[in-house]
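If you're matching positions, the sequence shown starts at 2 in the numbering used here and goes up one per residue.
Each hint should be verified, as a subset may be incorrect.
In silico PhoX-like cross-links for lysine-lysine, where the CA-CA straight-line distance does not exceed 25 angstroms [stated by the list, open to error]:
id, residue 1, residue 2
1, Lys14, Lys263
2, Lys103, Lys286
3, Lys286, Lys299
4, Lys226, Lys181
5, Lys164, Lys286
6, Lys103, Lys141
7, Lys141, Lys286
8, Lys103, Lys206
9, Lys119, Lys141
10, Lys263, Lys89
11, Lys286, Lys237
12, Lys141, Lys127
13, Lys15, Lys86
14, Lys15, Lys89
15, Lys103, Lys263
16, Lys222, Lys141
17, Lys299, Lys237
18, Lys15, Lys263
19, Lys237, Lys164
20, Lys222, Lys299
Worth flagging that the hints you see were computed from the coordinates, not collected in a lab.
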Amino acid sequence: MLKQRILNEFNFKKQAEELGVSVWQTPSFLFIVMGVVIVAAIFGVYVASKHYNSPEIVIISESSVVALLFTIGNFIISTVESVAKANKMKTEFVSIASHQLKTPISEMRWEMELLKSKYSSGLSEKQLEIINEVAHSGEKMGRLVNDLLDTARIDQGSLALAKDNINLRDMIDELVQSQKALANASNVELVVSFDEGDFNIVADKRRISVVLDNLISNAIKYIGKSGMVEIILERKDDLVQVCIRDNGVGIPRSEQARIGEKFFRSNNPIKNKTDGTGLGLYIAKNIVEQSGGSLWFKSIENVGSEFYFTLPISKKVKKLLHC
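Kindly generate the complete structure, drawing on both the sequences and the hints.
Next comes the structure, spelled out in structure tokens:
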């Protein structure tokens, strides 16, 4: 993995594509150029001081080195600024576009529900099927817009989290029930395991539900033909820990360092059969970390994956534990 990371650092073309700049503007390339210039400059000044006794020549050599380094440094700063500005513009565009899309998508979903509830008796089976497909597409678009909005808020540092009293055991039970249809359709058995005791936390209920829903649905989708997903809830000192374990396709070792990056999806055959934007884990990780916890995973290709996250228990429970 270390070797791969080093090779990626020297893949100037890949860096240029990711940053949207030319190869000679990438940080790694400029860093190497700067290093070569510094070494050459030191050697040049040393040679000049050895062969020429004139202090003017040494001063000119040193001044040339300073001017060259200043030019390269200024170029690096301007490159970083241009990338930062482009990133800010992209984030603002995504935020504005998502806000503009949210209202018409909500209206479309509402109209579909109204059509189904009021006029379904006069519609043929084919017409109802089309309405259901449109409604399903509307739900997918709604989730995408919400993900884009959350991503923009995270990038801007403006993701607001509520402070709700949550019983994590009850939340997991509810989510498992809601995921049973997907699990049954995928021939996946859902197993829940709890430690004894209270699992009360203070966090944003809606967003923690999103984290759990994302991890459980991902585990189900990436099982393959059939298998098992286990949700384990236990307490670790002043933290509650959730583990979602599956015996699915796993994540290739070469891709594990990129899990949690924006828009990244693991390159395996099941990817093409599942819906996703590559934003779920990025959002989940940020929600958990902003809630005072951490998120990590273990995975072996063709064996399965384990995704963990921790959250601090509520102060009320903490006081009872330490009495």
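So, going through the hints one by one against the coordinates:
1. Lys14 with Lys263: Holds, at about 20 angstroms.
2. Lys103 with Lys286: holds, 24 angstroms
3. Lys286 with Lys299: Holds. Lysine 286 to lysine 299 sits at ~15 angstroms (cutoff 25 angstroms).
4. Lys226 with Lys181: holds, 16 angstroms
5. Lys164 with Lys286: holds, 18 angstroms
6. Lys103 with Lys141: Holds, at roughly 12 angstroms.
7. Lys141 with Lys286: Distance of about 21 angstroms is within 25 angstroms: holds.
8. Lys103 with Lys206: holds, 22 angstroms
9. Lys119 with Lys141: Holds, because 23 angstroms separates the two Cα atoms, which is no more than 25 angstroms.
10. Lys263 with Lys89: holds, 15 angstroms
11. Lys286 with Lys237: holds, 19 angstroms
12. Lys141 with Lys127: With a Cα-Cα distance of about 21 angstroms, the restraint between lysine 141 and lysine 127 holds, given a limit of 25 angstroms.
13. Lys15 with Lys86: holds, 20 angstroms
14. Lys15 with Lys89: holds, 21 angstroms
15. Lys103 with Lys263: Distance of about 21 angstroms is within 25 angstroms: holds.
16. Lys222 with Lys141: holds, 16 angstroms
17. Lys299 with Lys237: holds, 18 angstroms
18. Lys15 with Lys263: holds, 16 angstroms
19. Lys237 with Lys164: holds, 22 angstroms
20. Lys222 with Lys299: holds, 17 angstroms
Violated hints: none; the structure is consistent with every hint.
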